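2 protein chains.
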Amino acid sequence: MPASTPARPRVIIIGAGFGGLYAARTLSNQSVDVLLIDRHNYHTFTPLLYQVATSGLEPEQIAYPVRGIFHHAPNIRFLLGTVTTIDTINRRVIVEAAGGPREEAYDALIVAGGSVTNTFGNADLERYAFGLKDLDEAIALRQHILTLFERAVWEEDEAQRQALLTIVVVGGGPTGMETAGAMLELYRHVLRKDYSSMGDLQARVILVEASDRLLAPYPPNLRDSAYEQLQSLGVEILLNNPVEQVSADQITLKDGTVIPTNTLIWAAGVKASPLAALLPVPLVRGGRVPVQPTLEVTGLQDVYVIGDMMALDDAAGRPYPMLAPVAKEGGILAARNILARLAGQPQMPFRYNDRGTMATIGRNRAVAWVFNRIPLTGVLAWLAWLALHLVTLLGVRNRLGVLLNWAWNYVTYDRSVRVILGRGESVRVSRGEGVTEA
Amino acid sequence: MPASTPARPRVIIIGAGFGGLYAARTLSNQSVDVLLIDRHNYHTFTPLLYQVATSGLEPEQIAYPVRGIFHHAPNIRFLLGTVTTIDTINRRVIVEAAGGPREEAYDALIVAGGSVTNTFGNADLERYAFGLKDLDEAIALRQHILTLFERAVWEEDEAQRQALLTIVVVGGGPTGMETAGAMLELYRHVLRKDYSSMGDLQARVILVEASDRLLAPYPPNLRDSAYEQLQSLGVEILLNNPVEQVSADQITLKDGTVIPTNTLIWAAGVKASPLAALLPVPLVRGGRVPVQPTLEVTGLQDVYVIGDMMALDDAAGRPYPMLAPVAKEGGILAARNILARLAGQPQMPFRYNDRGTMATIGRNRAVAWVFNRIPLTGVLAWLAWLALHLVTLLGVRNRLGVLLNWAWNYVTYDRSVRVILGRGESVRVSRGEGVTEA
Numbered sequence: 001m002p003a004s005t006p007a008r009p010r011v012i013i014i015g016a017g018f019g020g021l022y023a024a025r026t027l028s029n030q031s032v033d034v035l036l037i038d039r040h041n042y043h044t045f046t047p048l049l050y051q052v053a054t055s056g057l058e059p060e061q062i063a064y065p066v067r068g069i070f071h072h073a074p075n076i077r078f079l080l081g082t083v084t085t086i087d088t089i090n091r092r093v094i095v096e097a098a099g100g101p102r103e104e105a106y107d108a109l110i111v112a113g114g115s116v117t118n119t120f121g122n123a124d125l126e127r128y129a130f131g132l133k134d135l136d137e138a139i140a141l142r143q144h145i146l147t148l149f150e151r152a153v154w155e156e157d158e159a160q161r162q163a164l165l166t167i168v169v170v171g172g173g174p175t176g177m178e179t180a181g182a183m184l185e186l187y188r189h190v191l192r193k194d195y196s197s198m199g200d201l202q203a204r205v206i207l208v209e210a211s212d213r214l215l216a217p218y219p220p221n222l223r224d225s226a227y228e229q230l231q232s233l234g235v236e237i238l239l240n241n242p243v244e245q246v247s248a249d250q251i252t253l254k255d256g257t258v259i260p261t262n263t264l265i266w267a268a269g270v271k272a273s274p275l276a277a278l279l280p281v282p283l284v285r286g287g288r289v290p291v292q293p294t295l296e297v298t299g300l301q302d303v304y305v306i307g308d309m310m311a312l313d314d315a316a317g318r319p320y321p322m323l324a325p326v327a328k329e330g331g332i333l334a335a336r337n338i339l340a341r342l343a344g345q346p347q348m349p350f351r352y353n354d355r356g357t358m359a360t361i362g363r364n365r366a367v368a369w370v371f372n373r374i375p376l377t378g379v380l381a382w383l384a385w386l387a388l389h390l391v392t393l394l395g396v397r398n399r400l401g402v403l404l405n406w407a408w409n410y411v412t413y414d415r416s417v418r419v420i421l422g423r424g425e426s427v428r429v430s431r432g433e434g435v436t437e438a
Numbered sequence: 439m440p441a442s443t444p445a446r447p448r449v450i451i452i453g454a455g456f457g458g459l460y461a462a463r464t465l466s467n468q469s470v471d472v473l474l475i476d477r478h479n480y481h482t483f484t485p486l487l488y489q490v491a492t493s494g495l496e497p498e499q500i501a502y503p504v505r506g507i508f509h510h511a512p513n514i515r516f517l518l519g520t521v522t523t524i525d526t527i528n529r530r531v532i533v534e535a536a537g538g539p540r541e542e543a544y545d546a547l548i549v550a551g552g553s554v555t556n557t558f559g560n561a562d563l564e565r566y567a568f569g570l571k572d573l574d575e576a577i578a579l580r581q582h583i584l585t586l587f588e589r590a591v592w593e594e595d596e597a598q599r600q601a602l603l604t605i606v607v608v609g610g611g612p613t614g615m616e617t618a619g620a621m622l623e624l625y626r627h628v629l630r631k632d633y634s635s636m637g638d639l640q641a642r643v644i645l646v647e648a649s650d651r652l653l654a655p656y657p658p659n660l661r662d663s664a665y666e667q668l669q670s671l672g673v674e675i676l677l678n679n680p681v682e683q684v685s686a687d688q689i690t691l692k693d694g695t696v697i698p699t700n701t702l703i704w705a706a707g708v709k710a711s712p713l714a715a716l717l718p719v720p721l722v723r724g725g726r727v728p729v730q731p732t733l734e735v736t737g738l739q740d741v742y743v744i745g746d747m748m749a750l751d752d753a754a755g756r757p758y759p760m761l762a763p764v765a766k767e768g769g770i771l772a773a774r775n776i777l778a779r780l781a782g783q784p785q786m787p788f789r790y791n792d793r794g795t796m797a798t799i800g801r802n803r804a805v806a807w808v809f810n811r812i813p814l815t816g817v818l819a820w821l822a823w824l825a826l827h828l829v830t831l832l833g834v835r836n837r838l839g840v841l842l843n844w845a846w847n848y849v850t851y852d853r854s855v856r857v858i859l860g861r862g863e864s865v866r867v868s869r870g871e872g873v874t875e876a
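Sequence lines, in order, name chains V and D. If you read the first sequence in the numbering used here, its first letter stands for residue 1, the second for the next number, and so on. If you read the second sequence in the numbering used here, its first letter stands for residue 439, the second for the next number, and so on.
Read the hints as simulated data drawn from the structure, not as lab findings. Watch out, some of these pointers could steer you wrong.
What the hints assert, rightly or not - Ranges of calculated distance between the beta carbons of each label pair, as one might list FRET restraints: (1) Y790(D) to H71(V): 42 to 50 Å; (2) T522(D) to V370(V): 54 to 62 Å; (3) H189(V) to T695(D): 55 to 63 Å; (4) R630(D) to P280(V): 36 to 44 Å; (5) T523(D) to D157(V): 22 to 30 Å; (6) I527(D) to A123(V): 47 to 55 Å; (7) Q301(V) to R630(D): 37 to 45 Å; (8) P74(V) to N802(D): 29 to 37 Å; (9) A686(D) to T85(V): 26 to 34 Å; (10) H72(V) to Q598(D): 43 to 51 Å; (11) D595(D) to A407(V): 44 to 52 Å; (12) L828(D) to H72(V): 32 to 40 Å; (13) Y851(D) to V379(V): 35 to 43 Å; (14) T522(D) to P280(V): 53 to 61 Å.
Stated by the list, open to error - Okay, the calculated bits of chain V under chain D, using three or more residues with CB under 8 Å as the criterion: (15) 58-72; (16) 88-100; (17) 135-143.
Computed from a predicted model, the values in this text were never measured in an experiment. Where is the CB? At the ideal position from N, CA and C, for every residue including glycine.
Working from the sequences, and respecting the hints, build out all of it.
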């Protein structure tokens, strides 16, 4: 217990992603003391990470300082640090903060650590694959790609050069598709011009999917459209072909195909943040935490898990998708349920207001399934995608900056953000190893 | 010698700073083959580094990809790498490139490595001080400052907290002044609001100068104005007080004053890039290379040194200042002299068209000495400073981005770029250790 017990009920929120942020917003200026903990001092707009990785946006444009969000909410405090212990018996968490370890007590806890790349225990994947789950990973991928192109231009061995210029994206969901499309456009519109003096460098972008389809949860006509749009852009698509083996310079697929490449982007699986393992409950699929419809963890009182970390099925028995809106609505409900319990009122069950899904493929190319009823493809879907992402991005300055970059890139076919910062340390999936996501 | 000797004379330019860039531009589409070498794939607009360090601008906004500049100049090739050997007898350089070492031959060489922070061999300074000479250093300083504030807010020991909140800038030249002013404004307008829930944190910014004046080369009325503007902003100014000792948590000045602080920014000296030591000539003050008025190195033929690396006096016997315009005009002249010699024409001597100097202190505060004749202070000087820097910044997108950030910061008093990227490794002056600047 801390030296001075707070006068008001104390709520700790772990994670400032979509779920944690909206939970904190819901509790702002209510009669509770909130402590929001994250290992970054900013909220990341994760849907646009792939645009940072492909030199389309500045990293700071999709990052919003957490403290800036809560200027006008004196009941919300922020702690920069990594949670290392959750003690549900004594109701406290231990945080490895910049200034040393801290112990913080709670009356109610919301765990919203999101998800991390899942390499399914494959050590080679862990070592060689790039993930796209946070800004550091996106920047690392950007540096890697740009550095490989700088190498390729001076490489005299034809086969070596082709490997440097081959980008393999594994995973046929929205992230994999968006990344593959954006990588191809980075090459097509920008790098080919940059390196024109060296002859026509032939970059390849290959999208590998284990199952027989892209965008599995979409209706068939949208799946077909996505396939067709991606292929006409120039992305090579390999279906029904799981990755068998990975090394520093090649990938072997199940059918025996060997792809020489120095770049493997792994978008084929995520799992719950390792924070889940700090809770004294058995975890289910992908390391997720089983919760009641109220979002309270099954078997624990006053502990809520939301967003990508929660295991909860909808009325039809399907797990809720790992999407920002699900996390956001979960954050709001968990916060409301905490306030309800404090007020002696009944808690409400989770209901997700599904407004559909969309994925962009490239310039003027996208698919959208509005309200899971109206299918859109091509330019229309792409414009809907642009508008939605601009509107949901946090902060007017960030919106203006992103708009400026998008307009610039669209009109000029340029990507000006292609600078290699840092001293070239490659940061791959394994960087996240052992790091407690908070 | 390389396998295929180039048909046309080959010019190597080391460094894509202001000097190297303008040399390459002057040679673009001339009948020479140019190889431009830099250890970054971008040109850095160094005059605005302090704004990156103080969360005012995104790093990518003052970085411009080198390849983007020379799309339309097929005779200019770019090599990303660090020069490790200059062999003036066999006329070749060895480059540690991303793909391994390369040997490149030249007929004429321009060395334009710029300058690095000079810690005068003081190991403690090397270890504890922050420099502001490249983007990596600027980002490292930004992370450091923001992380200290996150620590300070939770620090219960009053003296410790004050040390975390004390920023010492050493050096009363333009860089020191600009950094001190911008740090104070970062605190005043942004961080105090960010951390308001924790009571009124009292940050101190102290500018330490060994001599008895700020901005030594300026006329007295401008020096006085700079002093007065900086002091009224809230910066504490200590003159006549060289730094005696430095440790992780305090600084001792010559008069015995001890300042507890975790942040020392060293803007009190630069020296020529270590590239200078690769040339077979004796170096003079600050490791600089003596050159003839034609900018050819004294004692070497067809080797030119320009910008911060050159030691050359003007007609009045004063060394040329280490400023971007001097480097730029040096680059243009060295390139022209190379073309002149190839054409059998006489080389021209260096003449610097001095348009004056200026330094900004903060919002609406600056001093400018236009054409070294017209003194400007306050808002007028500040507007002149803004206009000049916007106009000279490379690339329309960067200009728009910077303009957006400046307008945003001015109107809202905000600095949205205050995000701590990377995993918190502190990068101080010592990072540059042993690195050959190229």
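Status of each hint after checking the structure:
no., hint, result
1, Y790(D) to H71(V): 42 to 50 Å, "holds (48 Å)"
2, T522(D) to V370(V): 54 to 62 Å, "holds (58 Å)"
3, H189(V) to T695(D): 55 to 63 Å, "holds (57 Å)"
4, R630(D) to P280(V): 36 to 44 Å, "holds (41 Å)"
5, T523(D) to D157(V): 22 to 30 Å, "holds (24 Å)"
6, I527(D) to A123(V): 47 to 55 Å, "holds (50 Å)"
7, Q301(V) to R630(D): 37 to 45 Å, "holds (39 Å)"
8, P74(V) to N802(D): 29 to 37 Å, "holds (31 Å)"
9, A686(D) to T85(V): 26 to 34 Å, "holds (29 Å)"
10, H72(V) to Q598(D): 43 to 51 Å, "violated (29 Å)"
11, D595(D) to A407(V): 44 to 52 Å, "holds (50 Å)"
12, L828(D) to H72(V): 32 to 40 Å, "holds (33 Å)"
13, Y851(D) to V379(V): 35 to 43 Å, "holds (40 Å)"
14, T522(D) to P280(V): 53 to 61 Å, "holds (56 Å)"
15, 58-72, "holds (count 10)"
16, 88-100, "holds (count 3)"
17, 135-143, "holds (count 3)"
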